[in-house]
Amino acid sequence: MPTFVSLINWTDQGVRQSKASLDRAKAAGELAERMGGTLKDVYWTVGPYDIVSISEFPDDESGTAFALAIAAQGNIRTTTLRAFGADEVRGILGKLG
1 MPTFVSLINW
11 TDQGVRQSKA
21 SLDRAKAAGE
31 LAERMGGTLK
41 DVYWTVGPYD
51 IVSISEFPDD
61 ESGTAFALAI
71 AAQGNIRTTT
81 LRAFGADEVR
91 GILGKLG
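Numbering of the sequence shown is given in full-length UniProt numbering, commencing with residue 1 and proceeding in unit increments.
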């Protein structure tokens with residue numbers, strides 16, 4: 001399954017409701033499962049991003065829909081990266097000829 005790394009910042013609303021962050025992360029995991037994916041890891045961080053998450057979805061469209069659904073709640077803004085494992089990169093490099 002495609003892997004996604006999301007770099008997340010809280011909005012002003014998200015900061016005001018920071019005490020609910022663990023509950024929101026749990027709800028995000030449940031939403032990911034309903035969309036056919038998995039929220040594998042969530043890390044609360046110090047630095048330019050407030051949270052980093054790693055998720056897997058059956059396709060890019062599902063991963064993108066998940067990120068949009070979470071951001072639409074107004075608590076976060078995301079920068080999401082499609083990540084490739086070693087086997088996937090091996091296949092990509094194999095296409096170079």
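Quick caveat, the hints were computed from the structure, so don't treat them as lab data. Please note that a few of the clues may not be correct.
[What the hints assert, rightly or not] Quick list of the computed label-pair ranges, beta carbon to beta carbon:
no.: 1; residue 1: L22; residue 2: A86; range: 31 to 39 Å
no.: 2; residue 1: V15; residue 2: A86; range: 15 to 23 Å
no.: 3; residue 1: A71; residue 2: T38; range: 14 to 22 Å
no.: 4; residue 1: K95; residue 2: R16; range: 46 to 54 Å
Positions of the beta carbon are idealized from the N, C-alpha and C atoms, including for glycine.
Hints, one by one, checked against the model:
1. In this structure the hint that L22 and A86 lie 31 to 39 Å apart at CB holds, the actual value being about 32 Å.
2. The beta-carbon spacing between V15 and A86, approximately 37 Å, falls outside the hinted interval of 15 to 23 Å.
3. With their beta carbons about 19 Å apart, A71 and T38 fall inside the hinted range of 14 to 22 Å.
4. Distance hint check: the CB atoms of K95 and R16 are about 48 Å apart, consistent with the given range 46 to 54 Å.
Hint compliance for this structure: hint 2 is the single one not met.
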